[in-house]
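Visitor: Take a look at the letters that make up each chain.
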Amino acid sequence: MKNPLDSLWGTIICGLILTAILYYVVKSIPL
Amino acid sequence: MDYVPALARWLHLMAGVMWIGLLYYFNFVQVAAMKAATAEGTQAGIAKHVAPRALLFFRWSAVVTWLAGAALLGNQLGNAFTLSHGMAGIGVGAWLGTIMLFNVWALIWPNQQKILGLKPATDEEKNKARRVAFLASRTNVALSIPLLFFMAGGWSHRAIFGL
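Protein sequences appear in the order of chains B and C. With the working numbering applied, the first sequence corresponds to residues 2 to 32, in that order. With the working numbering applied, the second sequence corresponds to residues 256 to 418, in that order.
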């Protein structure tokens, strides 16, 4: 499998997916 | 004492713009430019005159950004890094920034020194250094996306994103 970080679009998509994951992680932490 | 967070925020933003701006320059401009220049045999100008200067401001602006961010968090630094007391949003941003700072100083800069000939290295070592520096740099581009989200959303847009 090709490394997504080899392309700029792959890198940006990785960043967006990570943003979504971290958003839900942070949201699940009580204030 | 309100001057400290105000000045720290200002400095954090200025240094952060320089750090992430140069990171995007490397990834969106220089990587492709270097490839094209190498094919034409004109890469020496970039390698000798542009890259070392860009790397100088890149790695030191990373340090200033981190220190100013730590000063801005002040006595909330511990809560941010432990993602507690309502500091989880900005805390994730702080963790991402810290990982990115580590990538700059432990992976990108030492390998770039070999690539640019600032440190002696064999051709094989240079090829390996090129790959490690490239992947560390691309990792930082990917991490910068949630980093900026949590930096922006951690405070001023907190209510909108509900963090």
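Treat the hints as calculated values from the structure; they're not laboratory data. Built from N, CA and C at the ideal position, the CB exists for glycine as well. Treat the hints loosely; a few may be bogus.
Taking lysine-lysine pairs in the DSBU-like style, the calculated list, with each CA pair at most 35 Å apart, reads [to be verified]:
| # | chain 1 | residue 1 | chain 2 | residue 2 |
| --- | --- | --- | --- | --- |
| 1 | C | K303 | C | K290 |
| 2 | B | K28 | C | K290 |
| 3 | C | K381 | C | K303 |
| 4 | C | K290 | C | K374 |
| 5 | C | K369 | C | K383 |
| 6 | B | K3 | C | K290 |
| 7 | C | K303 | C | K374 |
| 8 | C | K383 | C | K303 |
| 9 | C | K369 | C | K303 |
| 10 | C | K290 | C | K383 |
| 11 | B | K3 | C | K381 |
| 12 | C | K374 | B | K3 |
| 13 | C | K381 | C | K290 |
| 14 | B | K3 | B | K28 |
| 15 | C | K369 | B | K3 |
| 16 | C | K369 | C | K290 |
| 17 | C | K369 | C | K381 |
| 18 | B | K3 | C | K303 |
From the structure, some residues in chain C lie toward chain B, with a derived Cβ separation under 7 Å [to be verified]:
| # | residue |
| --- | --- |
| 19 | G276 |
| 20 | A343 |
| 21 | V347 |
| 22 | R386 |
| 23 | P401 |
Visitor: Decide, hint by hint, whether the structure agrees.
Guide: A quick look at each hint next to the structure:
1. K303(C) x K290(C): Roughly 15 Å separates the two Cα atoms, so the pair holds.
2. K28(B) x K290(C): violated, 42 Å
3. K381(C) x K303(C): holds, 16 Å
4. K290(C) x K374(C): holds, 22 Å
5. K369(C) x K383(C): holds, 10 Å
6. K3(B) x K290(C): It holds: about 19 Å lies between the C-alpha atoms, which stays within 35 Å.
7. K303(C) x K374(C): Answer holds: K303(C) to K374(C) is near 14 Å, not above 35 Å.
8. K383(C) x K303(C): holds, 20 Å
9. K369(C) x K303(C): The given pair, whose Cα atoms are some 13 Å apart, holds under the 35 Å limit.
10. K290(C) x K383(C): The given pair, whose Cα atoms are some 17 Å apart, holds under the 35 Å limit.
11. K3(B) x K381(C): At roughly 22 Å apart (the allowed maximum being 35 Å), K381(C) and K3(B) satisfy the hint.
12. K374(C) x K3(B): Judged against 35 Å, a Cα distance of about 31 Å means the pair holds.
13. K381(C) x K290(C): holds, 15 Å
14. K3(B) x K28(B): With a Cα-Cα distance of about 32 Å, the restraint between K3(B) and K28(B) holds, given a limit of 35 Å.
15. K369(C) x K3(B): holds, 26 Å
16. K369(C) x K290(C): holds, 18 Å
17. K369(C) x K381(C): With a Cα-Cα distance of about 6 Å, the restraint between K369(C) and K381(C) holds, given a limit of 35 Å.
18. K3(B) x K303(C): holds, 31 Å
19. G276: violated, 16 Å
20. A343: holds, 4 Å
21. V347: holds, 5 Å
22. R386: violated, 10 Å
23. P401: P401(C) check passes; min Cβ-Cβ to chain B is 4 Å, inside 7 Å.
Of the numbered hints stated above, those contradicted by the structure are hints 2, 19 and 22, listed in ascending order.
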